[in-house]
Amino acid sequence: MTADINKDEAFTQFLLRMGDNTLILGHRVSEWCGHAPVLEEDIALANTALDMIGQTQMWLGLAAEVQGDGKSADDLAFLRDAWDFRNVLLCEVPNGDFGRTLMRKFLFDAWHSIQLGRLMKSSDERVAAIAEKASKEVAYHLERSADTVVGLGDGTEESHRRMQESLNYLWPYVGEMFQSDAVDAEMAAAGIAPDPASLREEYDALVSRVLSDATLTIPESRFAHKGGRTGAMHTEHLGHLLTQMQWLQRAYPGAKW
Amino acid sequence: MSQVTTQPSIDQIWEWLDAVPDPEIPVISLVDLGVIRGVAWDGETLVVSVTPTYSGCPATAVIALDIETALRGHGIADLRLKTQISPAWTTDWLSDKGRAKLEAYGIAPPQAAGGPEKCPHCGSTEVTKVSQFGSTPCKAHWRCQDCLEPFDYFKCI
Numbered sequence: 402m403t404a405d406i407n408k409d410e411a412f413t414q415f416l417l418r419m420g421d422n423t424l425i426l427g428h429r430v431s432e433w434c435g436h437a438p439v440l441e442e443d444i445a446l447a448n449t450a451l452d453m454i455g456q457t458q459m460w461l462g463l464a465a466e467v468q469g470d471g472k473s474a475d476d477l478a479f480l481r482d483a484w485d486f487r488n489v490l491l492c493e494v495p496n497g498d499f500g501r502t503l504m505r506k507f508l509f510d511a512w513h514s515i516q517l518g519r520l521m522k523s524s525d526e527r528v529a530a531i532a533e534k535a536s537k538e539v540a541y542h543l544e545r546s547a548d549t550v551v552g553l554g555d556g557t558e559e560s561h562r563r564m565q566e567s568l569n570y571l572w573p574y575v576g577e578m579f580q581s582d583a584v585d586a587e588m589a590a591a592g593i594a595p596d597p598a599s600l601r602e603e604y605d606a607l608v609s610r611v612l613s614d615a616t617l618t619i620p621e622s623r624f625a626h627k628g629g630r631t632g633a634m635h636t637e638h639l640g641h642l643l644t645q646m647q648w649l650q651r652a653y654p655g656a657k658w
Numbered sequence: 093m094s095q096v097t098t099q100p101s102i103d104q105i106w107e108w109l110d111a112v113p114d115p116e117i118p119v120i121s122l123v124d125l126g127v128i129r130g131v132a133w134d135g136e137t138l139v140v141s142v143t144p145t146y147s148g149c150p151a152t153a154v155i156a157l158d159i160e161t162a163l164r165g166h167g168i169a170d171l172r173l174k175t176q177i178s179p180a181w182t183t184d185w186l187s188d189k190g191r192a193k194l195e196a197y198g199i200a201p202p203q204a205a206g207g208p209e210k211c212p213h214c215g216s217t218e219v220t221k222v223s224q225f226g227s228t229p230c231k232a233h234w235r236c237q238d239c240l241e242p243f244d245y246f247k248c249i
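Protein sequences, first through last, are from chains B and D. The letter at position 113 of the first sequence is residue 514 when you use the numbering used here, and the numbering goes up by one with no holes. The letter at position 85 of the second sequence is residue 177 when you use the numbering used here, and the numbering goes up by one with no holes.
Chain B with its partners taken away, still in its complex shape (with noise of 0.2 Å):
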């Protein structure tokens, strides 16, 4: 990719990759809605992608008002197709059995605290606001999604095997996130946000930290599906969430809550 991109467009590419991360995983958490192994769990889960799915109304509330073409938040959530959307592979895979869904989120977590601490000193007050309020909700999703990767990790014979594997199934998505390309690049020279390059230390070592107190064993690949924060492939699971999540404002257009 050349470095041929204006700013606006570079800016609202990196809101989109913000507020996609958090509503296509957002969307994947509260799938567990009414399914969790027990009452608080299910209650826990709910709480969460009900943060998540906050967090995307202001990035994508920025997005629209920055594409500046009279587009709300909602018309971005649900009127665009899988090509369009800008979130990592890792947001996307389905959730697997509960421990995969925990140590996804655990994955998403760590990254996510960091990338916001970097975002609160962002040279664009908007940006710097929403990172602000989300990262209080965020350090208190990662406290919970690290506890149970250990409890469940260090747990059972059965429950570390289980986390192993969604280790070892996850791990490869886990790169995606620190890629950089001319949106990124353009966005740290305009100290709007971090290269995502810049995030992998710290990650490194929050995510050991907790993996080895899980008594988990990170893999030694540094393999990285990508195409997800770039739009340019998508698994094929993104479509079939869509048309969940998409079905009703595509069947009655403009229909209101």
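Heads up, a few of these hints could be off.
Claimed, not checked - What the simulated footprint calls covered on chain B by chain D, stretch by stretch (three residues with Cβ under 8 Å from a Cβ of chain D suffice, anywhere in the stretch; the number is not a length):
# : segment
1 : 453-460
2 : 541-553
3 : 598-605
4 : 647-657
To be clear, the hints were calculated from the coordinates, so they are not data collected in a lab. Positions of the beta carbon are idealized from the N, C-alpha and C atoms, including for glycine.
Start from chain B and add chain D according to the hints.
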């Protein structure tokens, strides 16, 4: 047009807002909750700044509607609600009156230590966490080891 003297005072408006209950915890008012960040006249228009507790809290829309209904009921026709997300809401903004009312209602008020100081029912300090989340985004679920009653704890953020 120049009848500014007919405009209710800012103190009066705060008093009216202090009578609007939180939709999910009706024993405290929106002012007690600390979500109303500013009240000001912009010419003929009353501007009320509101901050959400949690970004996805479903009560946010109801709170805006309740503010509007209450103020219109007091004869304010020209009204604008402004969402203000920074500085982010903190439980430090709960009023002392609000904290006392929460406890009397059976909800342990937030503590900097990160957990309830005591059971809001019997006052015992032997309490344990059941879940980091509770019936609304702003609460967690705890239990008293002495009276065995479960209770909500207003999370400290």
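Inset, instruction - List in ascending order the numbers of the hints, as given earlier, that are violated by the structure. - result: Of the numbered hints, 3, 4 do not hold.
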